[in-house]
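Take the sequences, apply the hints, and build the full model.
Protein chains: 2
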Amino acid sequence: MRGFAVRSTVEDAWSWIDTTVQSRTALDCESVELLEAAGRVLTETVVSQFSVPAFSRSMMDGYAVRSEDTYGASPASPLPLRIIGSSFPGRPAAETVRGGTAVRIMTGAPVPNGADAVLPVEFTTTENELVQISGEVSPGKNIGIPGEDIRKNESVLNAGRWLRPQDVGLLSAIGRKTVTVRRRPRIRILVSGNEILPPGNLPTDFRIPDSNGPMLKALAERDGACVTLSDIIPDDPAQLLAELQCGVDVVLVSGGSSVGQEDHIPVLLRTHGELAIHGIAMRPSSPAGMGRIGRSLVFLLPGNPVSCLCAYDFFAGRAIRMMGGRKPEWTYHRVSAPLKRKLVSTVGRVDYARVRFENQEVEPIAISGASVLSSTTRADGFVVIPADSEGYAAGTSVDVYCYE
Amino acid sequence: MRGFAVRSTVEDAWSWIDTTVQSRTALDCESVELLEAAGRVLTETVVSQFSVPAFSRSMMDGYAVRSEDTYGASPASPLPLRIIGSSFPGRPAAETVRGGTAVRIMTGAPVPNGADAVLPVEFTTTENELVQISGEVSPGKNIGIPGEDIRKNESVLNAGRWLRPQDVGLLSAIGRKTVTVRRRPRIRILVSGNEILPPGNLPTDFRIPDSNGPMLKALAERDGACVTLSDIIPDDPAQLLAELQCGVDVVLVSGGSSVGQEDHIPVLLRTHGELAIHGIAMRPSSPAGMGRIGRSLVFLLPGNPVSCLCAYDFFAGRAIRMMGGRKPEWTYHRVSAPLKRKLVSTVGRVDYARVRFENQEVEPIAISGASVLSSTTRADGFVVIPADSEGYAAGTSVDVYCYE
Chain H
1 MRGFAVRSTV
11 EDAWSWIDTT
21 VQSRTALDCE
31 SVELLEAAGR
41 VLTETVVSQF
51 SVPAFSRSMM
61 DGYAVRSEDT
71 YGASPASPLP
81 LRIIGSSFPG
91 RPAAETVRGG
101 TAVRIMTGAP
111 VPNGADAVLP
121 VEFTTTENEL
131 VQISGEVSPG
141 KNIGIPGEDI
151 RKNESVLNAG
161 RWLRPQDVGL
171 LSAIGRKTVT
181 VRRRPRIRIL
191 VSGNEILPPG
201 NLPTDFRIPD
211 SNGPMLKALA
221 ERDGACVTLS
231 DIIPDDPAQL
241 LAELQCGVDV
251 VLVSGGSSVG
261 QEDHIPVLLR
271 THGELAIHGI
281 AMRPSSPAGM
291 GRIGRSLVFL
301 LPGNPVSCLC
311 AYDFFAGRAI
321 RMMGGRKPEW
331 TYHRVSAPLK
341 RKLVSTVGRV
351 DYARVRFENQ
361 EVEPIAISGA
371 SVLSSTTRAD
381 GFVVIPADSE
391 GYAAGTSVDV
401 YCYE
Chain X
1 MRGFAVRSTV
11 EDAWSWIDTT
21 VQSRTALDCE
31 SVELLEAAGR
41 VLTETVVSQF
51 SVPAFSRSMM
61 DGYAVRSEDT
71 YGASPASPLP
81 LRIIGSSFPG
91 RPAAETVRGG
101 TAVRIMTGAP
111 VPNGADAVLP
121 VEFTTTENEL
131 VQISGEVSPG
141 KNIGIPGEDI
151 RKNESVLNAG
161 RWLRPQDVGL
171 LSAIGRKTVT
181 VRRRPRIRIL
191 VSGNEILPPG
201 NLPTDFRIPD
211 SNGPMLKALA
221 ERDGACVTLS
231 DIIPDDPAQL
241 LAELQCGVDV
251 VLVSGGSSVG
261 QEDHIPVLLR
271 THGELAIHGI
281 AMRPSSPAGM
291 GRIGRSLVFL
301 LPGNPVSCLC
311 AYDFFAGRAI
321 RMMGGRKPEW
331 TYHRVSAPLK
341 RKLVSTVGRV
351 DYARVRFENQ
361 EVEPIAISGA
371 SVLSSTTRAD
381 GFVVIPADSE
391 GYAAGTSVDV
401 YCYE
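Going line by line, the protein sequences match chains H and X. Following this note's numbering, the numbering of the first sequence begins with 1 at its first residue and continues without gaps. Following this note's numbering, the numbering of the second sequence begins with 1 at its first residue and continues without gaps.
None of these hints come from the bench; they were simulated from the model. None of these values were measured; they are calculated from a predicted model. Please note: incorrect hints may appear among the correct ones.
The list cannot tell twin chains apart, which means a pair is met if one copy fits it or any two copies do.
No farther apart than 30 Å at their CA atoms in a straight line, the calculated lysine-lysine pairs in the DSBU-like style are these [what the hints assert, rightly or not]:
#: 1; residue 1: LYS177; residue 2: LYS340
#: 2; residue 1: LYS141; residue 2: LYS342
#: 3; residue 1: LYS327; residue 2: LYS340
#: 4; residue 1: LYS327; residue 2: LYS177
#: 5; residue 1: LYS327; residue 2: LYS141
#: 6; residue 1: LYS177; residue 2: LYS152
Pasting the structure below:
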């Protein structure tokens, strides 16, 4: 049993994560149905095989006309045109618009031959086969030209794109049925500890149900991962090693990360892989660590639930998001507001302080022990105090990352 | 065929949505497994049946001691204590700590009888059965007291809570296996139009694959809904009515919302339900509308894809989020930055302008037709210009809602 000799900085840890994820072969791709593609990360550059629209189409409900036939028309002196047909979406008019005639047309319908503009319905009144027009249109007015939205052979979305709802709409418009996206990172959560009961059990005597496994599963799924949760593993090196070598992309180890007598994981990593970082200059989460075994990145997350959440947010989540092709940054909304009370830290370590909003002010949560999970459920978010700061005076405007 | 006589304001539409959703019976509840509960909205107030921790536990790896035995200990003059046992998490020590003795203890382990503090391992050196201590601890130091995190019979999470990952952890810690949450709103997307092909088809002649259905499905799922997508429905009133009466919470109608000859839906709503709003003073999406039929809210979304996206974001999404117990506001991140070019609007209507970031400046996307879906895939987000504004001069700082 001994303390940490030297603690790494948060920046050291980020740098190791970034380098390690980038030097690793990217996750393979998979094909998904378009209707399931939102929120996935594209791995192909999509080139359209079609122009959208493929034909001249009306942008308004109204009349397809020859623009020169409208010149001089006004509410005071309307001009008559003879209605010779109708163009509906998907059912174009067969007629050709010649001098003095017009074709009734709907939004999205093909513009008939001969017409070079669409006069909106608001500028017309209809009497049997005649339409009286009370406005002018210039050539091309209210007509969408072929390729206006997408040109044939144009790249519409690049590899690496996080697919938004409208991207999915666009892909459908150019006839895609499936797209190629990055596989989700596969995450295994190992929970060890003889005192831990599986989730769903009631606390008994000195044994407590696992809170970190369910929390980590939700966090990693939020970050786009495909997650499995191990049974509770006894403090047994052989069983722990087998789990560490299960071949997933990232192993999250809850508990057993410190330097205590039964903390086998750091030793296993050092022996069978790499223990790159162990002990970080931050509070909470100072016993956090990271390394790898085979192709799997391994994050050692402290058993204390606040430390576990913090270490996930700072380190494991970053790696998982990057592997999945997402931005490394937190997804939390950031809000600036003044501190209601001072927030004290120590130079040389990063602090993760839970806070809540009260009347537009930021109030530090008094109960701040790393074991007090309810401090993160009572909090609206957290403030990060950098290593070179002693904290902030009351009234200082701070950035709050809001839990979601 | 005629234009809209009077357009409602955006505020009128929001007010109708808010009143209608609030006066509607709330969606029923369902029980979900805890491991699937993140992101759901709680409908019960959760009271803990247990104290957490249930026993005095160590917050550090170190030695459980009587604090008075440590007084005077320093690196210069360490004091010896005799190690009489070990306390592990889940396996308490049987021994009682008396004067001159200590029990080796791990983080999370029960504090043995007789001890009133834990001395961290960093302040100790061990020689066989003796530990030399080089620091003092006051009573209670490094001990988590029962109920410190959660007190028995305390309300830990209130009804209406959007469950975060740490909430799921907390619920697990107090022995919950399932929780009661609000059912997801059930949404039916109706796509009508003789020219529309189902998603997954290639564009042919004057027929185009549906882009709005896939986009709306992704949007509504993002907002927590359970979504089904109809087949493409011909412009036939009987079939449209049957779909409108399918009994879901919200029907989204893409296309067929305007006042053209084949726009049956507004007539059906007026005849068989209520057409509350039709025509809104905004651009795009001015033909949007809303009403209800039976218990279902119905949103008429213009067929033009940008209008459809905008009308979803302004109206349908708000109703869906509220029904599901979420906040009505957009989930888009908001960023303020100066305009690179002026952004022109017209007093009397709200404008939804697609923009992109260029060198920290906000550049309006030039191609702004409501039919140009690629304007929303090229954009980084949008700026809302309120009805009382003629727009903004270059250099004005504007709020951009970032697409995600």
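Hint check:
1. LYS177 - LYS340: The answer is neither: 54 Å in one copy and 38 Å across copies each exceed 30 Å.
2. LYS141 - LYS342: between (62 Å within a copy, 24 Å between copies)
3. LYS327 - LYS340: This pair counts as between: shortest inter-copy Cα distance 26 Å, intra-copy 32 Å.
4. LYS327 - LYS177: Cα proximity of LYS327 and LYS177: one copy only (27 Å, versus 33 Å across).
5. LYS327 - LYS141: neither (42 Å within a copy, 41 Å between copies)
6. LYS177 - LYS152: This pair counts as within: shortest intra-copy Cα distance 18 Å, inter-copy 54 Å.
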